[in-house]
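Could you use the hints to bring the two separately framed chains together as a complex?
Line order of the protein sequences matches chains A and B.
Here our numbering is used: the first residue of the first sequence is 1, the next is one more, and so on.
Here our numbering is used: the first residue of the second sequence is 1001, the next is one more, and so on.
Check each hint, because a few of them may be wrong.
[Said to hold, decoys possible] In silico SDA-like links for lysine to any residue, alpha-carbon gap of 20 Å or less:
{"hint": "1", "chain 1": "B", "residue 1": "LYS1037", "chain 2": "B", "residue 2": "ASP1075"}
{"hint": "2", "chain 1": "A", "residue 1": "LYS246", "chain 2": "B", "residue 2": "MET1051"}
{"hint": "3", "chain 1": "A", "residue 1": "LYS246", "chain 2": "B", "residue 2": "ARG1081"}
{"hint": "4", "chain 1": "B", "residue 1": "LYS1119", "chain 2": "A", "residue 2": "PRO342"}
{"hint": "5", "chain 1": "B", "residue 1": "LYS1037", "chain 2": "B", "residue 2": "THR1076"}
{"hint": "6", "chain 1": "B", "residue 1": "LYS1113", "chain 2": "B", "residue 2": "LYS1037"}
{"hint": "7", "chain 1": "B", "residue 1": "LYS1113", "chain 2": "A", "residue 2": "ARG428"}
{"hint": "8", "chain 1": "B", "residue 1": "LYS1113", "chain 2": "A", "residue 2": "LYS13"}
{"hint": "9", "chain 1": "A", "residue 1": "LYS246", "chain 2": "B", "residue 2": "TYR1034"}
{"hint": "10", "chain 1": "B", "residue 1": "LYS1119", "chain 2": "A", "residue 2": "ARG328"}
{"hint": "11", "chain 1": "A", "residue 1": "LYS246", "chain 2": "B", "residue 2": "LYS1113"}
{"hint": "12", "chain 1": "B", "residue 1": "LYS1113", "chain 2": "A", "residue 2": "ARG311"}
{"hint": "13", "chain 1": "B", "residue 1": "LYS1113", "chain 2": "B", "residue 2": "LEU1210"}
{"hint": "14", "chain 1": "B", "residue 1": "LYS1037", "chain 2": "A", "residue 2": "ARG427"}
{"hint": "15", "chain 1": "B", "residue 1": "LYS1156", "chain 2": "B", "residue 2": "ILE1131"}
{"hint": "16", "chain 1": "B", "residue 1": "LYS1119", "chain 2": "A", "residue 2": "SER316"}
{"hint": "17", "chain 1": "B", "residue 1": "LYS1119", "chain 2": "A", "residue 2": "PHE429"}
{"hint": "18", "chain 1": "B", "residue 1": "LYS1119", "chain 2": "B", "residue 2": "LEU1141"}
{"hint": "19", "chain 1": "B", "residue 1": "LYS1138", "chain 2": "B", "residue 2": "SER1159"}
{"hint": "20", "chain 1": "B", "residue 1": "LYS1119", "chain 2": "A", "residue 2": "PRO315"}
{"hint": "21", "chain 1": "B", "residue 1": "LYS1119", "chain 2": "A", "residue 2": "GLN330"}
{"hint": "22", "chain 1": "A", "residue 1": "LYS246", "chain 2": "B", "residue 2": "LEU1141"}
{"hint": "23", "chain 1": "A", "residue 1": "LYS246", "chain 2": "B", "residue 2": "LYS1206"}
{"hint": "24", "chain 1": "A", "residue 1": "LYS246", "chain 2": "B", "residue 2": "GLN1097"}
{"hint": "25", "chain 1": "A", "residue 1": "LYS13", "chain 2": "A", "residue 2": "GLU31"}
{"hint": "26", "chain 1": "A", "residue 1": "LYS246", "chain 2": "B", "residue 2": "GLY1079"}
{"hint": "27", "chain 1": "B", "residue 1": "LYS1113", "chain 2": "A", "residue 2": "PRO314"}
{"hint": "28", "chain 1": "B", "residue 1": "LYS1119", "chain 2": "A", "residue 2": "LYS25"}
{"hint": "29", "chain 1": "B", "residue 1": "LYS1119", "chain 2": "A", "residue 2": "MET341"}
{"hint": "30", "chain 1": "B", "residue 1": "LYS1119", "chain 2": "A", "residue 2": "LEU425"}
{"hint": "31", "chain 1": "B", "residue 1": "LYS1119", "chain 2": "A", "residue 2": "ASN247"}
{"hint": "32", "chain 1": "B", "residue 1": "LYS1119", "chain 2": "A", "residue 2": "HIS334"}
{"hint": "33", "chain 1": "A", "residue 1": "LYS246", "chain 2": "B", "residue 2": "GLY1035"}
{"hint": "34", "chain 1": "B", "residue 1": "LYS1119", "chain 2": "A", "residue 2": "ARG428"}
{"hint": "35", "chain 1": "B", "residue 1": "LYS1206", "chain 2": "B", "residue 2": "MET1051"}
{"hint": "36", "chain 1": "B", "residue 1": "LYS1113", "chain 2": "A", "residue 2": "THR329"}
{"hint": "37", "chain 1": "B", "residue 1": "LYS1119", "chain 2": "A", "residue 2": "LYS246"}
{"hint": "38", "chain 1": "B", "residue 1": "LYS1119", "chain 2": "A", "residue 2": "THR329"}
{"hint": "39", "chain 1": "B", "residue 1": "LYS1119", "chain 2": "A", "residue 2": "PRO314"}
{"hint": "40", "chain 1": "B", "residue 1": "LYS1119", "chain 2": "A", "residue 2": "LYS13"}
None of these hints come from the bench; they were simulated from the model.
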Amino acid sequence: MTDAALTPAQAAKARARTEAEARLKRRYRAEARFRLYGRAAIILALTFLVVLLGRIGLQGYSTFVDYRVSLPVQVDANRVNLADLGGSNFNLMVAESALAMLGEEDDPYGQASSQMMSILSGDLGFQVLDRLRADPSLVGQTITVQGPMKANASLYYKGQISRDTEVGGRLLSDRQLDWLDELRDQGRVTGGFNWTFLSRSDSTEPEQAGVLGAVIGSAMMLFVTALLAAPIGVLAATYLEEFAPKNRWTDVIEVNINNLAAVPSIIYGLLGLAVFINWLAIPRSSPLLGGLVLALMSLPTIIIATRSALRAVPPSIREAALAVGASRTQTVFHHVLPLAMPGMMTGVILSLAHALGETAPLLMIGMVSFVPGVPETLTSAATVLPVQIFIWENASERAFHERTAAAIIVLLVFMVLMNLVAVILRRRFERRW
Amino acid sequence: MTAQRDDTLAAGAVTAPRSSATGKVSASDVSVFYGEKQALFDVSLDMPDRMVTALIGPSGCGKSTFLRCINRMNDTIPGARVNGRIIIDGEDVNDRQVDPVLLRARVGMVFQKPNPFPKSIFENVAYGPRIHGFATSKSELADIVESSLKRAGLWKEVSDRLLAPGTSLSGGQQQRLVIARAIAVSPEVILMDEPCSALDPIATAKIEELIDDLRSQYCIVIVTHSMAQAARVSQRTAFFHMGAVVEAGATDEIFTNPRDTRTQDYITGRFG
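So here's chain B without its partners, still in its complex pose (with noise of 0.2 Å):
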């Protein structure tokens, strides 16, 4: 059962087209698995720097596998085991010489439910420079943390109290300032698992604005559920479907001409 389950899944990885587009990250024939369980197989697919990547496609499907790969997030796991190649400005990040560590300093990462630290607000966005040794004074240090909540566009409303808890802030501003502790560490790449799904949608308003703005400095790759948000913010989609990439693409070439008939079903909602 499950080596037929393989084969129609292998077939549908073929059938995906390679983007043409180069990329600041690419992978190649990126395979999952946790334990016995395969949840990507043999996934391809060029991240372009400067752009937002959307990875849209129902629960389950491996988005949020594939995306963890980028920055190697699924070392943590026990028993998940990685095959294949994802390249980062030319490096591959399981190259036996990357140090995951320093490469979670490149590669951001903002979670679903926002995660800030019980600290300070001030403490949240200081405490990626500080590992890292970026500042060497307190001053800089503090001028780091300013840029950055300046960049997630918090600082207006936070820069009167920044040494209170940063759980003392609403859902969205949470979420704005776990963007800025990522920013924080000047990744080049920012990795974003359903950023807007715990929002309201004022604060996904908000947040999909930031999005549009970090754009221009780093390459951000997104998970999203929501049709609408992946073709608001996305210049480029990728349609994930039972751990393959189905089809990738431009975005507005995926939404208005999807050439497989599932993307089609997806992104009209026949299923998913």
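So that you can see chain A by itself, here it is in the shape it has in the complex (with noise of 0.2 Å):
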């Protein structure tokens, strides 16, 4: 069929859906690029994820195993005074011992012994120290004790150093290399779980290095943090929201509020600083001042989130509780809030989960020490997991390194922890309609 056997109402016709046509197809095109756009963004942001929690599981893993040797230890009579137990060098009897059972013998200048002492623990001469206190008739007898290599020989065995590693990047040297490499053919040398590192505190000895005081140290400070912001912010963000007349004052104050959850952390570590350390004089680097502070920050995101929760409940549950003649407190206790105890509860837990994460104003606030034991009281001296995350990434030794990124996935845990109680608790109070 031609054009000139169509009459020009029929071409209009046929040239309006063609013209439809095209618009449909561009439509869809527009889709499909939208689409594509979406999953390219979700594909990229996954990468993202991947990559960062890849690197960081690749580099701390190795943390969780730890290589421990078991010596016997011979006890030299001449060499310990009993009346002065803790003045005898017991980790170079250690040494001596160890030489002795690689079938060598110490130098005049005590080179080898030294050597051999920076691949092993001091921990085994604590332990030699604390069997003989306990009990000294073992003093001239062989006692055997098991304890961590120092973290420099476990990265070797880790093989993370190796022979072809230069001297001066491995800090060991070959004849050191040669005792491992005895001491593990001797099957003295059993690689394991390291429950050290969840165990013990920070040490500046990275084998006996752990973070249970700065796990301790951060519960301490969120439960602070919870106790103090939770209750205020939620009772704030209901008062705004159910009762307060609204009026400039209160306009002026949610204005502030909004403002004050864009604030830099810091600057809420520069305020506990001034306010809490030098008006109040709170004990510095205290898991209650890191609670006070973080309680701070942490107020204005629980006020905006418990007042959207408290906004998403609809206006007629309010009318239909004052209607049958309920006051406005029973209207908010029996029916808002629980209504709202979901969106509550997330925005709670969120945002102690940032909390946590905090370093920033912690540092402002002298937390950065540190601190070797687990904190006794909430006053006490205290480290927490990011900013003990801080501390080993600035130490110089590789094995620092290694627990750097082995406390990140302690950190990432409780996190992760932490957000499921959120989705749990949301279930939970959701299932009641």
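In structure tokens:
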């Protein structure tokens, strides 16, 4: 059929149809394009996440394995003064026993024993001391102690240092590597899960450093934060949303709360420094102080989350309660708050999880210090997980870098747990329709 | 411009005839302001006991605003101000001595959209009596719930699942549940704000039947957009237009022999 056979009206109709089809095709193309962009964005985001987590995991997983050596130690009666046990050099004694076991002898300058001491943890010497303290009759006998290798030696067993590594980069001499091979071949060295990392606190020796102190410190600090921020935030939000008159003052307050939520966290650290330390004289570096600062930091977020959860409760529920003669308080506490609960819980837990990972304000209040023990009270010096990560990251020893990644893993595990709790609480409360 | 509008509306209010029936609820010169904007202009209306008073009129004419004055629900709207007097049994509801919370127990309200609490059917009805301390024991409370549900015509449908969520009921059932909830606190007046607008005709018929039953015990004020419904359920009708009552009187008279042309136009569907 040719164009000439068509009447003008038919031609116009046909043209309109092809135009409509073209438009339709364009719309489908636009949608397909948009989907593609969306998928690309998600894939990109996931790639970043996988790279990040993968890097942390790869760098950190080896921390959870450590190598322990068991050595027979000849306790030389001539070198132990029972009246002053601590005065003896047990590390040297351990090193000499190890040398003897490997069929070598110390040289007059003590170079061999000193090299041996730098592959065996000082923990072994302390163990000998503890055993002698408990039972002085062991003097002159041979006792077997079991303890960690120095971190560098462990790195060699883990394959992170090899003979090919240049000597300056591995901090282990060829002779030490020979000993390590020999000890392994004799079956003196066993690898296992690194309980030390979970059961000890910070130490100058990487093989004896652990996250327990930081975990407990974080828990205590978060306890203070939750105890303060959750009730204050929820009550403030409830009052502002349900009871406060809507006037200039409440507008000013609302704007300021929103602004506070955007204030950089380090400013809260400065505030803590000025108010809590200089004015209220709260002990610095304590979980109480950190908790107070983080509570201030979390308050705006909690208030905003709670307010939006309250606003999401349909007004018809409030009207229903008021219409049967419930007072405002009864309306809020019997009907509105229970309905807003899942949203409030999620907001509170997420902002606490955020507080758990906060570092900057804690640096301002002096929480960045070497704390080798578990904090005993809320006012004793403590360190927390993110700060511990920060400290280890700055350490020069190679083994601390591996521990940095491992501490990040521990922190992430706690984050995931908290978010999981948020999800579970949400599900649970929402099930009540 | 506002002043001119005020004048015409005031004129409309003046021509509105005063109802001769003595009211259980009696409003005189009620004006409502939402901030700067005036929503009601000197409304005077009597709503007799044991009768259904229908408030009709085009959207935005102030029917619901007026209804919400009777149980002081307007208090909950920020910036709302009510002038004039609303007398229930000789007592002004806007009197300082009247507690709005107790007033709302005496004046129940049913809303446009069914709004049961997200709790069980039993809890929905039991909530009012519980907070007002109407029941001293569990069995007493159960009795109140049962009788309220019976009076709302819902008992047969829900007696075997009182612990099911109130929101699991159908729209019409939910609306009857809400009516049962209102009845449970033994009100004297029941206000209904377009109670059937979200319901299908069958559910609407059931609610209308229920309203007719309840009439023997309560003073009922109902806002409706349906002329037919007003004619079916009410004994008295007030026609609202632009924030004022244009005409009020016996329903038969309003529908068969309206005195004001605006009423006639609205009823016959010429505007609104």
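Status of each hint after checking the structure:
This hinted pair checks out: LYS1037 of chain B and ASP1075 of chain B have alpha carbons roughly 16 Å apart, not beyond 20 Å. Among the hinted pairs, LYS246 of chain A with MET1051 of chain B is inconsistent with the structure: their alpha-carbon atoms are about 39 Å apart, more than 20 Å. A hinted pair counts as satisfied when its Cα atoms are at most 20 Å apart, and LYS246 of chain A with ARG1081 of chain B qualifies at roughly 15 Å. Taking the CA atoms of LYS1119 of chain B and PRO342 of chain A, the gap is about 16 Å. The hint holds against a cut of 20 Å.
For the given pair, LYS1037 of chain B sits about 17 Å from THR1076 of chain B by alpha-carbon distance, which is consistent with the 20 Å threshold. The hinted pair formed by LYS1113 of chain B and LYS1037 of chain B fails the criterion: a straight-line CA distance of about 26 Å is larger than 20 Å. Taking the CA atoms of LYS1113 of chain B and ARG428 of chain A, the gap is near 27 Å; set against the 20 Å cutoff, the hint is violated. Our distance criterion of 20 Å between C-alpha atoms is broken by LYS1113 of chain B and LYS13 of chain A, whose separation comes to about 48 Å.
Restraint check: the Cα-Cα separation between LYS246 of chain A and TYR1034 of chain B comes to about 14 Å, which is no more than 20 Å; the hinted pair holds. Among the hinted pairs, LYS1119 of chain B with ARG328 of chain A is consistent with the structure: their alpha-carbon atoms are about 19 Å apart, no more than 20 Å. Restraint check: the Cα-Cα separation between LYS246 of chain A and LYS1113 of chain B comes to about 27 Å, which exceeds 20 Å; the hinted pair is violated. A distance of roughly 19 Å separates the Cα atoms of LYS1113 of chain B and ARG311 of chain A; the hinted pair therefore holds under the 20 Å criterion.
Proximity of LYS1113 of chain B to LEU1210 of chain B is assessed by CA-CA distance (about 17 Å); at most 20 Å being required, the pair is judged to hold. With a C-alpha separation of about 44 Å, the suggested pair LYS1037 of chain B and ARG427 of chain A falls outside the 20 Å cut-off, and the hint is violated. Using a Cα cut-off of 20 Å, the hinted pair LYS1156 of chain B and ILE1131 of chain B is violated, with the two alpha carbons roughly 26 Å apart. For the hint pairing LYS1119 of chain B with SER316 of chain A, the CA-to-CA distance comes to about 14 Å; that is within 20 Å, so the pair holds.
Of the pairs offered as hints, the one joining LYS1119 of chain B and PHE429 of chain A holds, with about 13 Å between alpha carbons and a cut-off of 20 Å not exceeded. The suggested pairing of LYS1119 of chain B with LEU1141 of chain B holds, with an alpha-carbon distance near 16 Å, which does not exceed 20 Å. A hinted pair counts as satisfied when its Cα atoms are at most 20 Å apart, and LYS1138 of chain B with SER1159 of chain B qualifies at roughly 17 Å. Distance check on the hinted pair: LYS1119 of chain B and PRO315 of chain A sit about 16 Å apart at the alpha-carbon level, within 20 Å; holds.
With a C-alpha separation of about 15 Å, the suggested pairing of LYS1119 of chain B with GLN330 of chain A holds against the 20 Å cut-off. For the given pair, LYS246 of chain A sits about 39 Å from LEU1141 of chain B by alpha-carbon distance, which is inconsistent with the 20 Å threshold. With a C-alpha separation of about 41 Å, the suggested pairing of LYS246 of chain A with LYS1206 of chain B is violated against the 20 Å cut-off. Taken as a hint, the LYS246 of chain A and GLN1097 of chain B pair is broken in the structure, with Cα atoms around 25 Å apart against an allowance of 20 Å.
Under the criterion of a C-alpha separation no larger than 20 Å, the hint pairing LYS13 of chain A with GLU31 of chain A is inconsistent with the structure, at around 27 Å. Between the alpha carbons of LYS246 of chain A and GLY1079 of chain B the distance comes to roughly 9 Å, so the proposed pair stays at or under 20 Å and holds. Distance check on the hinted pair: LYS1113 of chain B and PRO314 of chain A sit about 12 Å apart at the alpha-carbon level, within 20 Å; holds. Distance check on the hinted pair: LYS1119 of chain B and LYS25 of chain A sit about 50 Å apart at the alpha-carbon level, beyond 20 Å; violated.
Distance hint between LYS1119 of chain B and MET341 of chain A is fulfilled; the C-alpha atoms sit about 15 Å from each other, no more than 20 Å. Taking the CA atoms of LYS1119 of chain B and LEU425 of chain A, the gap is near 19 Å; set against the 20 Å cutoff, the hint holds. With a C-alpha separation of about 34 Å, the suggested pair LYS1119 of chain B and ASN247 of chain A falls outside the 20 Å cut-off, and the hint is violated. Between LYS1119 of chain B and HIS334 of chain A, the direct Cα distance comes to roughly 11 Å. Compliance with the 20 Å bound is thereby established for this hinted pair.
At roughly 12 Å between alpha-carbon atoms, LYS246 of chain A and GLY1035 of chain B fall within 20 Å of each other, so this suggested pair holds. Taken as a hint, the LYS1119 of chain B and ARG428 of chain A pair is honoured in the structure, with Cα atoms around 15 Å apart against an allowance of 20 Å. Distance check on the hinted pair: LYS1206 of chain B and MET1051 of chain B sit about 18 Å apart at the alpha-carbon level, within 20 Å; holds. As the CA atoms of LYS1113 of chain B and THR329 of chain A are separated by approximately 24 Å, the hinted pair breaks the 20 Å bound.
In summary, the hint linking LYS1119 of chain B to LYS246 of chain A is not supported, as the alpha carbons are separated by about 30 Å, beyond the 20 Å threshold. For the hint pairing LYS1119 of chain B with THR329 of chain A, the CA-to-CA distance comes to about 18 Å; that is within 20 Å, so the pair holds. As the CA atoms of LYS1119 of chain B and PRO314 of chain A are separated by approximately 15 Å, the hinted pair is consistent with the 20 Å bound. Restraint check for LYS1119 of chain B and LYS13 of chain A: not satisfied, since their Cα atoms lie roughly 60 Å apart, outside the 20 Å limit.
Hint compliance for this structure: hints 2, 6, 7, 8, 11, 14, 15, 22, 23, 24, 25, 28, 31, 36, 37 and 40 are broken, all remaining hints hold.
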